[in-house]
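Could you put together the complete structure from these sequences and hints?
To convert, take the position in the sequence shown, counting from 1, and add 39; that gives our numbering.
Among the hints, erroneous ones may be present.
To be verified - Heads up, simulated EDC-like pairs for lysine to aspartate or glutamate below, C-alpha to C-alpha not over 16 Å straight-line:
1) K209 / E228
2) K251 / E191
3) K209 / D223
4) K251 / E199
5) K209 / D231
6) K247 / E213
7) K247 / E191
8) K247 / E199
The set of hints was computed from the structure by calculation and includes no laboratory data.
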Amino acid sequence: LSLVFQGRMLTDRRVRTLKRLAWTWSCLNVLLALAVYNRLFIYIEFNGLTRMRIVGLFGISTVVVGFAMVVWKIARGHSFAWLVHRQLVSLAIAVYLFALTPVDSIWVRFNVGRILAGDLPPAVQLSVHPIGPEGLLQLAPLLECDDVTIREGVRAMLAEHHEQLGMTEKTRRELGWTSWQLADQMAFESLDAERRTWEQYSNPQVRKQTRKRFDEYTYQWY
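Next comes the structure, spelled out in structure tokens:
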């Protein structure tokens, strides 16, 4: 679209008609972007937030900004090089903002809030998706969840992560300070302080059975 509006085309007597077609097509693209947003929010409403749904929100927002720049280029008569430069800058900013965003913390906290409010389907995301250290710190409120299967499943999950993080911390101490990770240490210390709440799941067999019940129970909302 942006390649059309340059050079001799800008002085053609039919350019007004072409621009009207371009604006119509642009409006259709805006509707398409809104439809994608709507679809993402339907998924989120149905069974919660995930890491990839956050990526989707960043992605479609970047596309919308890039398309807005196409429209701005046509309206202001900027060059194609101007457009490519601005779009690459927009992409770089989006990647930078995503890198700074505590994604795991956001999607886990969101789903935990929904579950505690009585909306249980987001529990499936806790079951099927890997959770990073910052996300684990958001699971503590579910230790008091009214739903027994979810509450015990989360306890078994935390017991499993506590064991894994303990092994990781031991390995890193042997390797030295170059392997140290603040997020892992904070998660391990937080879980270690609450280990009494899942002491019965220190047995791997009991933990496996409880996780299986949790996974099967939440799969109904997959």
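How the hints compare with the structure:
1. K209 / E228: The hint holds at about 13 Å.
2. K251 / E191: With a Cα-Cα distance of about 11 Å, the restraint between K251 and E191 holds, given a limit of 16 Å.
3. K209 / D223: 12 Å, holds
4. K251 / E199: 13 Å, holds
5. K209 / D231: 14 Å, holds
6. K247 / E213: Since the Cα atoms of K247 and E213 sit roughly 29 Å apart, the hinted pair is violated (cutoff 16 Å).
7. K247 / E191: The hint holds at about 12 Å.
8. K247 / E199: 9 Å, holds
Violation of the numbered hints given earlier is confined to hint 6; every other hint is satisfied by the structure.
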